[in-house]
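Undergrad: So the chains spell out like this:
Protein chains: 2
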Amino acid sequence: MSTLEMIEAAAERLQGHVRETPLLTSPFLDELAGRRVLVKPECLQHTGSFKFRGAWSAISALSEVDRKRGVIAYSSGNHAQGVALAAALHGISSVIVMPSDAPQLKIDNTRALGGEVVLYDRANESREEIGEALASERGLTLIRPYDEPQVIAGQGTTGLEIARQASAMGIEKADVLVCCGGGGLTSGIALALEGHAPGLRARPCEPEGFDDVKRSLATGQIQNNNAAAGNICDAILTPQPGDITFPILKRLCGPGLSVTEEEAMQAMALAFLRLKIVLEPGGAVSLASALFRKDEIKGDAVIVVASGGNTDPEVFGKALEFLT
Amino acid sequence: MSTLEMIEAAAERLQGHVRETPLLTSPFLDELAGRRVLVKPECLQHTGSFKFRGAWSAISALSEVDRKRGVIAYSSGNHAQGVALAAALHGISSVIVMPSDAPQLKIDNTRALGGEVVLYDRANESREEIGEALASERGLTLIRPYDEPQVIAGQGTTGLEIARQASAMGIEKADVLVCCGGGGLTSGIALALEGHAPGLRARPCEPEGFDDVKRSLATGQIQNNNAAAGNICDAILTPQPGDITFPILKRLCGPGLSVTEEEAMQAMALAFLRLKIVLEPGGAVSLASALFRKDEIKGDAVIVVASGGNTDPEVFGKALEFLT
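Protein sequence lines correspond, in order, to chains E and S.
Heads up: the first sequence at position 313 corresponds to 313 in our numbering, and the numbers run straight through without jumps.
Heads up: the second sequence at position 262 corresponds to 1262 in our numbering, and the numbers run straight through without jumps.
Hints were generated in silico from the structure; no laboratory data involved.
Every value quoted in this text rests on a predicted model; they were computed, and no experiment measured them.
With a Cα cut of at most 25 Å, we get these calculated DSS-like pairs of lysine-lysine: (1) LYS1250/S with LYS1173/S; (2) LYS318/E with LYS1106/S; (3) LYS298/E with LYS250/E; (4) LYS1294/S with LYS1250/S; (5) LYS294/E with LYS173/E; (6) LYS318/E with LYS1318/S; (7) LYS173/E with LYS250/E; (8) LYS1298/S with LYS1250/S; (9) LYS106/E with LYS1318/S.
Counterexamples of contact, computed for chain S against chain E with all Cβ distances above 10 Å: (10) ASP1101; (11) PRO1149; (12) GLN1221; (13) ALA1228; (14) ILE1244; (15) GLU1262; (16) ASP1300.
C-beta atoms are modelled at their ideal positions from N, C-alpha and C, and glycine is treated no differently.
Work out the full structure: start from the sequences and follow the hints.
TA: As structure tokens, this is what we get:
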């Protein structure tokens, strides 16, 4: 179970280590969206995404004995970098199991942040087997990317900040659009808002064709995506909502929203032009939903959690073509 | 005269209207610079640059009678947008005199922010004559871009934030690198640091070949640039330091630093990759100085004021080529 109390406790442990991201605005985005748009740029978080929050929360919640043995994670993306840096800052070792065909930049970054990268052959090896062998051999604790109460609690600290910041700006009622993969960030935010800003409602945002959470919410049952890959929003492609996250999402969230790859890229371009921030495609689906699904949103203001900015220059260059 | 008291008074007037920008960090930049690098991203300020601070300060300092008559500014760039938005938010009119060959995007933006754009022919007309005629006809107050005490006071609020934020991070002694055109931002920050963080020292950063402030500081006399244009760092190309700003710079700043256009573009690319922020070339010379002039800097930490992010996609795309 993840609860508001766990989120508040995580916020105390994160104090002074996490970056409190601001709420950014632009009159140009307000105009496009037909309402006030407040963007929380988690791309400015350490390691370029919100994942650092959950990683810090989980590592700092371990017993001292367990923590000293080190942690392990499976990820080729944002979770890997978050765990590697959070572990290094705790002075402990981390093993990150990554596919050998992961982009060299991500492998290099994870190593540079202090992670011990163990590569596996996606076609012939099981990352779970490799990971379990290493974990039992060295006594490492597995940090799951979303279906992990202390990870959800860490991501939920984003929601505590939103509640405080929105209230300071006089916003008591609004939809909060959240980029959603396995649902760790969305469920954490939803719990935080339930406790501290009941007029704000979390809504998951996904790429079209990978809208498992939207369909799961609509049917009330966990639904799968047909494909595991094949969309530019790589950071948020997960097969289905988590067993821990889904009941929270179902209880607290408004309907899901989904956007095309092209709309995500356009949102990246507009974030560049109007907010001066760098978003990755999967971190821009929330802004794209605010701009291009405005009829599905209610109220005078909308809050957008832009969850990450770890994109390649090539992909970013393609997004900028929407401006020319 | 600009003084610490004026900056503190400006900070009170700006409270709740200006965005307090954070100090961003990346272990990758620390590694490159050979010391801790703390970046203050004023590109995230309203209108994409620090200029909004000075504009708000100057407009809010006017008497109610003068303010109601409106303001006027000459600028095709960041100052124009800052004045237009600050005026609109005060509910008053602004006239922005811009050359007719200014980029259409800048003209459109200034209009969209509420400015009345008056175009003039750079070859055959004098913007001063046009401006003075309009000002006397309508009773408008001219808001100068830097040689204006209340503008300097507004830019100086950046320095108050740096003093507070650096102290909270345990940094009492460091160089503060500031992108420098006419010297409004640099002199304001220098005054604020003198009062609130005497161990922090402002240092102006400029493009090579347009290093009038660096040479003026070195010789103790105001020096001119040979050319008025012809460098990608357009936002900070000014013929010479201001009459009001230079004595402040001379009294308080450390030696100037200068970087090549290529180094400014590389700094833009690294800010994209490591901080997820968008800088314009003129807003990146401070970061470039931290990364590529490290032998000219002392101490375990350096603070970098990244002053703006209003760049075209084409220029940004060129900067990203440094990563491939």
